[in-house]
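> Sequence order for the protein chains is A and B.
Residue numbering for the first sequence follows the numbering used here, beginning at 1 and increasing consecutively.
Residue numbering for the second sequence follows the numbering used here, beginning at 1001 and increasing consecutively.
It should be emphasised that the hints constitute simulated quantities derived from the structure, not laboratory data.
Do not rely on the hints blindly, as some may be mistaken.
Unchecked claim - Straight line, CA to CA, 35 Å or less: simulated DSBU-like cross-link-like pairs of lysine-lysine:
no., chain 1, residue 1, chain 2, residue 2
1, A, K493, B, K1112
2, A, K146, A, K493
3, A, K146, B, K1220
4, B, K1112, B, K1133
5, B, K1133, A, K146
No experiment lies behind these values; they were computed from the predicted model shown.
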Amino acid sequence: MSVRAIAGWIVPAAMFVLWWLASHYEWMPAQILPTPALVWQAAVDLATQDLFINLWISVRRLLLGLAGGIAAGLVLGVLMGTSRSARQIVYPTFFALIQIPTLAWLPMFMILFGIGEALKLAVIVKAVIVPVAMHTLAGIDDAQPKLREVAAALRLPWLVRLRTLIIPGSLPAFSAGLRLALAQAWVSLLAVELLASSEGIGYLMVWGRQLFMLDIVFVCIVIIGLAGLIMDRGIQTLDSALIRWPRAATAEVTTKHPKDHVRLLPWLLPAILLCVWQWASASGVADPNLLPSPSAVIAQLRAGFLDGTLLNALGNSFARALAGLLLGGLVGVVMGLLLGMSRTMDRLLGPSLATLRQVAVFAWVPLITAWVGIGEPAKVTFVAIAAFFPMFVAAHHGVVNRSSQLDEAARALRLDAGMRLRVLILPGAAAAIFAGLQLGLTYAWLGAIGSEYFMRSGAGIGGLMINAQQLARMDIVIGAMVVIGLSGALLRKLGEVIETRSTRWRTAGLST
Amino acid sequence: MSETTPIVEFREVSKSFHVGGGELEVIRQFDLSIERGEFVAILGESGCGKSTLLRLLMGLDTDYRGEILIDGQPALGIGADRGIVFQEPRLFPWLTVEHNVALGLVNEALTKDQRAQRVADYIRLVRLEGFQKALPHQLSGGMAQRVAIARGLVASPRILMLDEPFGALDAQTRQQMQNELLTIRERERITTLLVTHDVEEAVFLADRVIVMAARPGRVKNIVSIQLPRVRDRSSFEFHRLRQQLIVELGAA
């Protein structure tokens, strides 16, 4: 075993010793912190009983949903990528709908589909369609205009063109989308299993948590992390087996509007949908409880704004997101800088963090509710965990990927460590950190909504939705979805503005 | 079609691009006849529309005024009689050398064996035996450009268009490739239209050099190069012609 590999085990080993000591001398009650022996016993017991049955149920849901989501995403992506008019009609509506995160669709799906298998399928399909469609579209768009010209000059028939240009050209983007889709599907599935399920690995955790058998919760966290790791590795292996040519610096998957819209066409689909919706609920074709009319939703929104409940909920959720982002982001950035600058720290902590990152974020919920409760601190803790990883990764990336040319120049100028930190490392990392802030903001916002689903105390937009779901108040649910979509889009815009402002020097031609 | 009909004829070809709200004229009243087997170089600084002329002749762009004739007939669309090599090799990164060259043959009615034979022939012609199974990223710039040349020639077009094909190569490789191009042409007797901004390249390769003026692109002068091949780059005549063309280019 190399030094590197051994170093990676030091921290986990130390944690384990600490854990053993803590439970052995009962620094904490055994119910709060089960002993390693107990957890091991639970693992052995579960392995012979419920664990694999429930894991298999979750995996089966995942596979089914993936199949459906990939198929639908591919169709959508190819349609928008190949037909100009299809894109003009579909894309704006699609774009508007994806502003609403999967998590915010949950209450609506629960009202529509109940809490059976259909719900899980719907959630995963929703989580998968978006990245697959967007990346497929980007891949097709990206299929090198220069090679397209060659294909035209060689008069390649369309089948050959498809085989030799479009498919391989969009494969790297598709693969990236697939990786994202898999991760999001796994996270979403866990969320829905924690919230509404009677079987599956997420349910097993809830069950363990309700009986306050944290040993079971511990085992489940490990299994969820392992499953995440295996899936991520699997898809990476598949990717590098399929794509053996150097990939072009892949064009960013932008979620911006294409500029060439015809004025009217984008409004066609929403207008039709709205009309059908209004007609269906007015004529009684759809159950008004399941599908309230658009005017009812607007009236509900208006009322919510006027009596202040909506703004109050929104403000509370924002405050949570911000507090969690500050906490998790700060720790993340400091850790990222530290690990980026110190090779020793990287070797010690890098592998542990990389492993923890594979644990889908909702898997921490039962542990947090057991340790911190369901109040404000618990919610902020959850948001902080959600925001930690994007900020950590961004900061680490920013330091590690600094310009090697400038690094050489700094060494040639014999700048000391402090100077190098000031003129080289921090400015480079700052750009990456601000770029990461965009993702961090999104995660924190999602985390805040999610935390309110699972820790039901205090006002918040997520709590508002989940309460409305229990009363089957679809008008409130849809109204809240609209608000979440708008505020999410606003946050993203804010992140973009911060990023372009903070990295303005990039256009000044410092490198080259 | 008589023997005296030029193989390629541009008649008062003009081309504009729509930029913003207005029109940008890039080529004005371009006239040129090319004889069978002739090697013509279009020489001009960047932005004089010389690459656009190739794209028009190739049929990649059909929005222009004037006429482009091939064998006295209007050139319609992209035809098998024309092959093109771009400045960048533009190889498909996921296909092997062999497959990239074979793409030039997809529209030819050939048996599988004939196809394989042709591909092998042309890979040999550009001296890349042993690299049939290589992927483009495993090749040097010069080798990649040779694959592109093989792809442009494999369908035996009558007109070969070269769009600054050696512009991205280092000086030594460029000279070597120029020599090889002449050798290949010796065998193929193919009408060649080269676009370049490299004066020496034009003098070394072409029978006739069309000097272009920029903004809008138009013919400024036509210079015949009568030197016997292979031309000696260090000869007095070569230098004199090079000097003359540099002056022509410079005095806009």
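> None of the hints should be skipped; say for each whether it holds.
Okay, the hints, checked on the actual structure:
{"no.": "1", "hint": "A/K493 / B/K1112", "verdict": "56 Å, violated"}
{"no.": "2", "hint": "A/K146 / A/K493", "verdict": "32 Å, holds"}
{"no.": "3", "hint": "A/K146 / B/K1220", "verdict": "30 Å, holds"}
{"no.": "4", "hint": "B/K1112 / B/K1133", "verdict": "18 Å, holds"}
{"no.": "5", "hint": "B/K1133 / A/K146", "verdict": "23 Å, holds"}
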